[in-house]
Amino acid sequence: MIGGLFIYNHKGEVLISRVYRDDIGRNAVDAFRVNVIHARQQVRSPVTNIARTSFFHVKRSNIWLAAVTKQNVNAAMVFEFLYKMCDVMTAYFGKISEENIKNNFVLIYELLDEILDFGYPQNSETGALKTFITQTGIKSQSKEEQSQITSQVTGQIGWRREGIKYRRNELFLDVLESVNLLMSPQGQVLSAHVSGRVVMKSYLSGMPECKFGMNDKIVIDKQGKGGGATGQSIAIDDCTFHQCVRLSKFDAERSISFIPPDGECELMRYRTTKDIILPFRVIPLVREVGRTKLEVKVVIKSNFKPSLLAQKIEVRIPTPLNTSGVQVICMKGKAKYKASENAIVWKIKRMAGMKESQISAEIELLPTNDKKKWARPPISMNFEVPFAPSGLKVRYLKVFEPKLNYSDHDVIKWVRYIGRSGIYETRC
Amino acid sequence: MPAVSKGDGMRGLAVFISDIRNCKSKEAEIKRINKELANIRSKFKGDKALDGYSKKKYVCKLLFIFLLGHDIDFGHMEAVNLLSSNKYTEKQIGYLFISVLVNSNSELIRLINNAIKNDLSSRNPTFMCLALHCIANVGSREMAEAFAGEIPRILVAGDTMDSVKQSAALCLLRLYKASPDLVLMGEWTSRVVHLLNDQHMGVVTAAISLITCLSSKNPDEFKTCVSLAVSRLSRIVSSASTDLQDYTYYFVPAPWLSCKLLRLLQCYPPPEDGAVKGRLVECLETILNKAQEPPKSKKVQHSNAKNAILFEAISLIIHYDSEPNLLVRACNQLGQFLQHRETNLRYLALESMCTLASSEFSHEAVKTHIETVINALKTERDVSVRQRAADLLYAMCDRSNAKQIVAEMLSYLETADYSIREEMVLKVAILAEKYAVDYSWYVDTILNLIRIAGDYVSEEVWYRVIQIVINRDDVQGYAAKTVFEALQAPACHENMVKVGGYILGEFGNLIAGDPRSSPLVQFNLLHSKFHLCSVPTRALLLSAYIKFINLFPETKATIQEVLRSDSQIRNSDVELQQRAVEYLKLSSIASTDVLATVLEEMPPFPERESSILAKLKKKKGPGAVSVELEDGKERGDYNGSTPSPSADLLGLRSAAPVSGAAPSAGSLLVDVFSEAGPAAASAGVNDDGFLSSAPTSAASEDPAPPLPESDELLNKFVCKNNGVLFENQLLQIGIKSEYRQNLGRMYLFYGNKTSVQFVSFSTTVSCPGELQSHILQLEPLVEGGAQVQQVINIECLTDFVDAPLLNIKFRYGGALQNISLKLPVTINKFFQPTEMAAADFFQRWKQLSQPQQEAQKIFKASHGMDTEVLKAKLLGLGTALLENVDPNPENYVCAGVIQTKAQQVGCLLRLEPNAQAQMYRLTLRSSKDTVSQRVCDLLAEQF
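Line by line, the protein sequences are chains G and S.
Just so we're aligned: 88 in UniProt numbering is position 88 of the first sequence, and the numbers increase by one with no gaps anywhere.
Just so we're aligned: 932 in UniProt numbering is position 932 of the second sequence, and the numbers increase by one with no gaps anywhere.
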């Protein structure tokens, strides 16, 4: 179990230190600073073991969050907790920055007391937490209210309180995906996967019972619609759900039913590896002309419906470490050599489907006495497309609220798909 | 040094550095650096020539980036270009970059060397200094190769500026330290010594560092420096504090130089020349006098400088160890420091006194400070000072004050720092044993020791008590009584239970008469502790019980009952169970006679060196061991008069009635302290394997000096190639060798004679220059009883005299063993036999008629003059034995060619035995005089 939790700023100064167990000594704080934050070589592993003590860290902008333990804990659990902790903090005071943490340190300690008990994670649902951990003083609550909070927090549906009322019942669904790719110079896919999440924002009255349906291959096959529909269904490799989803029902019937928390929540997370639509194809061509010159030509092709528009496209072409000058010509967008990042960055604002664009660059090199060959790091790409590269489609989301007088048809529903690039690289 | 003009401020660099310092995160810093690197790369592209200023600026930036920890793989060429600039600042930055960044295998090294050479030969002193500093900073082998010849010339040239001389001396020192083989002594050495007379104090200070280093390696070549150093020292010491101007530091004239001079003098024995010696003694007296004067300044720097000189002077006095007057004065001076406010001074005083205590002249003087030292031990705040105080008490202890010191140390032990407890315990144990006049005191002391600091009492200490009690029957009764009383304490340490169990088991009968300690009471007392002890102690107690059955038959029933109980006879520990079962059976089956025989009193232990002493030596660093050795050496001189530690052990032994006749004090001394001495060496091999390693080598990892008998060994192997090279109790080394032309291959077989494995086993061969060897390294572990084989390839380059040295190091049971042997490689091994007819032989014999080509020896036969044996030996030599050549059939004639890589040396031999006189005449002729001489020498030992 987690023995303690520390928050550092970028200099390694301790902002928050909360120790839950006696086996974590004072020196643990310094050990992490010395061995990770101030390490000579950048530490890449998120788990560091120093003197039989494990440090799990995540970094948010300039802030380090480190969970410490001497026991053999489930690392995934610890990271899940750290991410949740970040979410909770963001929900309370916005961006996680040194300034915000310093201003809200009392609140953070209060939160830490609530969501970790003797190192065991507790209820960390923001909505529920907000009912009893507030930034304003809790004004003399009546006995009833207090007992209500107790029963709600300890009850079956800890994430939603009763008696919520909205004039308009609205519901937003976002399917957010990030597509990861590693491609060989010849265009062979070496590895590709999509990790996605379904985020739901709900403003519904009462205790609504919801049911979510998508084009999951297993469900579609079971329903026996078969035939033409198979092209539309996708195979999900693995998925996790928000705690409100009834897992027993999912296991038995593979139907996703739940009572959603009020406001925003991440309904599910999933991963697919088959039949991924790759929105862009990068074709590199690198030619070394003598020892002091390099010619690079890169073509990108968009590979989706011409009616759709990709946005925020950025191609990053790494340059050798002994680059002394670069000339770039591109047909579309803007391209610039960024010395501070050792790369040529090519930016295109918008691009429709089934188009192609090209950049060519001449790189001059300084002869060095080092015999080391340039490692040729891959060309990477960033973009945003308005569809789900995994092929996921929301088929329905039904809402039932038997006690109140609104039906499924009265709820206004919105669905949006956004596909972003994760690590989208092509070797050159 | 030219002042930096305003235009050289390098604003770009300052901006860059402040940018980097303002970076919020590591990523931002890396980005800024990448940007800068790209900028510099584009500047260095070579399209347009850069002026010196910008070149300097960019090289500076690169250097800064490198020092931040980033790799730099360009810019070297620009830096080298800067070297040839005429501006000081540009040259300086160039050299700075080179000395930080250029690795030795870079291709640029030739260019750099060229630039350095130019600067060295320029007449500009600042440029010369820069070049010298660069050489010293890089200090690589290549640099040494290129400039080791040049620098001495600069150093001793008459027209060199003082500042350059200073740099040259320090540069040479650095090169000598890095690669001593490349800095060759030459005619400059004598002139370097004369730098001690230089007008410029800075030059003298720099030169003396060099001379100290050189003279510690070749003391003979620099002997003349002693008188020069003395006169210099006396000039400084006698000068008024204002005489030396710049070199006066807080009213102390040239303190660093004085310290260095004194340190140089410590490399040599006291000067033999009376006048020089007188002058030196005068100097030392002046220094001691000055220490008495009231300080000229209240500043701490003043007293630091003064004390530094004083302590160096005292070390010199201790080093000479010949002036009783000075030694006593030094001791008194240190005595004053013992109560000084400064912790460092107290520490140093105690440390120096430790060495003084071992000198015969000042031992008494040191003893007068005993109260102060004891006080320091009790009240000092700093643990390292307390440690020194304990060391000093140990060193100053002798028979007269042993009781007091041991009592003080014991009482201190109760509050002592944990880190020094174990050592303190050992020291108390040793002192108690060494100076025990009365063995009841000894037993009391050790039991007290166990009571106070039981956890730190190692096995050796209580083993030793038992050894002594068993060997001395007059203390046995007392010991039994004391342990009995000690065991009555409600809580006593396990070590106490061990001692108690053992002693009561052996000698419980001696106190059984007293009803308060009747057998049953004794047994119950012991058994009450039984359940609190660990398994080994329980096992020991079980043995004590069975001994009780023998001593007191009336306890038999009770003890059998105990042994029979399930907790013994069914104990989960195999050892305990076995003992319980066996003892039970033994007590019930065997008759009293058998019991009495089996369980007889322990026979006295054979005397050997106190195991505790060995442990202390192992534990302590080199310093303490040297004290130990000093101690032994000094006492060795005295032998009879002062009781020495080992003599005391001896007293113990001779008093024990059972042990054999006491050997003379001398031989025992040798046994314990194998300090050089011819007799020690023989003990080294045949005794217990301890001596060849312990006192000399336990402290250092340097190869031990070769065993003296290895010369004999060498002779043994002149005429044969196989056999046992070395053997002691631990290790046997066999050898098998074969030679072909100028090449040889040697198989060494290392046999571990013990059952314990040797760890970190390593061997090295050091060859004279004329031979080349290649050794295949072994695994560092040699299992008990195992044998490992090692191959050594040898190539003979030219003729040689000295045999290669084989050094073997390994750890046996924690102790480092260090053995050096001469490998039996002699010049005759490379003989190729040559057959020739009589006419040929005599013709060649006549050709080699010059006097230096012949070597002749007439010597007495040390073995029988058996013909066959002689023939075998001559054949074993490697030459061809030529029959029917010499007209006299009694004589032997041989011929052969010695193959070396450089040349082939033909060699003819004639041996004329004279049976009546039991004499031989051996004549050798060869084309090389050294070869004739060497072979003749080798062969003369064989017959």
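Read the hints as simulated data drawn from the structure, not as lab findings.
Remember, it's a predicted structure, so these values are computed and weren't measured experimentally.
Check each hint, because a few of them may be wrong.
Stated by the list, open to error - The list that follows gives simulated cross-link-like pairs (lysine to any residue, SDA-like), each with its CA atoms no further than 20 Å apart:
#: 1; chain 1: S; residue 1: Lys35; chain 2: G; residue 2: Val399
#: 2; chain 1: S; residue 1: Lys26; chain 2: G; residue 2: Arg40
#: 3; chain 1: G; residue 1: Lys11; chain 2: S; residue 2: Asp71
#: 4; chain 1: S; residue 1: Lys24; chain 2: G; residue 2: Lys347
#: 5; chain 1: G; residue 1: Lys336; chain 2: G; residue 2: Lys347
#: 6; chain 1: S; residue 1: Lys43; chain 2: S; residue 2: Asp71
#: 7; chain 1: S; residue 1: Lys26; chain 2: G; residue 2: Glu362
Stated by the list, open to error - Computed list of chain S residues with no C-beta within reach of chain G, every gap over 10 Å:
#: 8; residue: Leu37
#: 9; residue: Phe64
#: 10; residue: Asp73
#: 11; residue: Ser122
#: 12; residue: Ser190
#: 13; residue: Val276
#: 14; residue: His319
#: 15; residue: Ser543
#: 16; residue: Val756
#: 17; residue: Leu797
#: 18; residue: Lys928
#: 19; residue: Ala940
Here a beta-carbon is modelled for each residue, glycine too, at the ideal position from N, C-alpha and C.
Requested in this report: Output the numbers, in ascending order, of every earlier hint that fails for this structure.
Outcome: When the structure is compared with the hints, numbers 1, 3, 4, 7, 8 and 10 turn out to be violated.
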